[in-house]
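Each protein sequence line maps, in turn, to chains A and B.
Be aware that the first sequence starts at 0, since it is given in numbering that gives the first Met the number 0, and climbs by one per residue.
Be aware that the second sequence starts at 0, since it is given in numbering that gives the first Met the number 0, and climbs by one per residue.
For the record, the hints were derived by calculation from the structure and aren't laboratory data.
Take these hints with a grain of salt, some might be off.
To be verified - Derived contacts from chain A toward chain B, CB cut-off under 8 Å, selection only: (1) I18; (2) L20; (3) F228.
Using N, Cα and C, we set each Cβ at its ideal position, and we do this for glycine too.
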Amino acid sequence: MEEDISNKYSILIAPMVFIMLTVIGWPLIRTILMSFTNEGLMNLDPVKIVGIENYTNAFQNKDFLSSLKISGIFAFAVVTSEMILGTTVGLLVNQPFKGQKIVRALLIVPWALPTVVNAMMWKLIYNPEYGALNSMLYQMNIIPNYVSWLSTPSKTLGAIIFADVWKNFSLVSMIVLASLQSIPGHQIEAAKIDGANAIQRFRYVTLPHILPSLQVALVLRIIEAVKVFDIIYIMTKGGPANKTRSGTIFIYQEAFTNSRLGSGATYAVLLVFFILIIIMIYMKLLKKKDN
Amino acid sequence: MNNKRIMQKILLYIAVIVLLIYIISPFLWLIIMSISSSTDLSTKPLNWLPKKIDLSSYKELLHMGKNTHGESFLFGLRNSFITAITTVFISLLVTFPAAWVFSRYPNKRNIILKIAIVTFMLPPVAYALPIYKTLSTIGWLDNSFALAFVYCTLVMPFCAWLTKENMDAIPFELEESAIIDGAGLFTRLFKIVLPLMMPAIGTVALLALLMSWDEYFYAMLFTNSNNAITLPVVIANLASGRQANYGLIATGGVIAAAPPVIIGLLLQKSLISGLTAGGVKG
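Full structure from sequences and hints, please.
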């Protein structure tokens, strides 16, 4: 009986399922099918099935592997920095000080800025001739000559990471702050009476309380960071000398610049595969901790 | 003891000032650039404050003229609004009833929600290739409504998940007593649950709006003219062009950033709690 009532309502899910199948399910399947063909961007030549040829090529392609490495380095660097900086800032603005309300409100500005605007803003700041960064560092006598931040291979990825951290640490800090404010005051008082010092209070009262929120922030940031495209593409298009070409930019270039949808799809499938592995490892770690 | 207290206070204020400078100086500089003349912006080293306020970039971008920057910018602004609002409308329309079923009658089919969340984690490039092929075959490239439909890949799983998590907090007993009074499906959904969900749905809608406003990848691939090109693409084109009118680029950024920054400043609390509401449990 209960089951009957329940099934009656399945129709209400139908529109959502239909749209998801059209824009997510079916394209995903077609990407997988495409990855076994030599399909091009335009319908010039007839499409041929090439079997696993694209895959064997992909695994031998050093450029692809190094683009995955760049995605990995980028994701690791931004997520670690954002978590540390965001938590520190969350703790800082949780202290009482004059102007607290204004500072807390302004925290949202970096996060609210559209990604494209953020990328373009930092591109202007890093401009080698008229950028604010060079001008400031030069006037403060920190650098003797202007630096080409975005075209010196050793500096570019770091400059992009800095720009991404500036935008996204603020999300982490706001999530941490919201969670800090829900700690019951008496818990901290009780710890004080028990003679716990500041570090112990953080370790045994504050940290356990904010941990679930930190996990949410961590997941949100990892999901975004491993599929990074916009900020890098706008700031450098993957250059100089492909030193900032992430996995997604590599796939984009293969499919749309080189007009090879088939092998582009292969790389996309492999990237999805790697991301799924990361998600699964993360889930496993979470389960372990719960036990 | 007292000295230690004062030291701590001083350190606290130094840290707050450093934080404040870090947060606002890049965006403040963007605003200053947008009102500086091009001479101020191309001296070496820079003139940090403009000699006089120059609003010519704003005039140029907000003026409609054939083949001007203003033309593509204003079309981008219009298209961004159309695309974002259509996306949010479609997403809410289909996810609200679905979320209700997931929340009220959870059973095996809730796996659909789990799958939706996993797809949310995958890179758009995994769907983009066949979608491009299809849109180009049926002639739907460069179309705001087609783009909005594609944006559902990003927005819909997110809406379904957040709406369901928020709905779980509304007691089922309210509906049960209404059923006894003979309420039908429509009454339960729209007269009982919807009014109570309004604040949550408002937050979900705003977050979805910000996501669509922010989107660049699909828009860059699937649009190419004033018909459907969105603001992020217009700005990216401005920034990558050879022209060195930095004030103009900065102005485009300031205008594009204004709606989300204002929404953020006004509604920070509900946006952040909306974003984490579902996550803490799931």
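A quick look at each hint next to the structure:
The interface hint given for I18/A is met, as the beta carbon of that residue sits about 5 Å from the closest beta carbon of chain B, less than 8 Å. About 10 Å separates the beta-carbon of L20/A from the nearest beta-carbon of chain B, more than 8 Å, and the hint is not met. For F228/A, the interface hint holds, since its Cβ comes within 8 Å of a Cβ in chain B; the closest pair sits about 6 Å apart.
Of the numbered hints listed earlier, the single one contradicted by the structure is hint 2.
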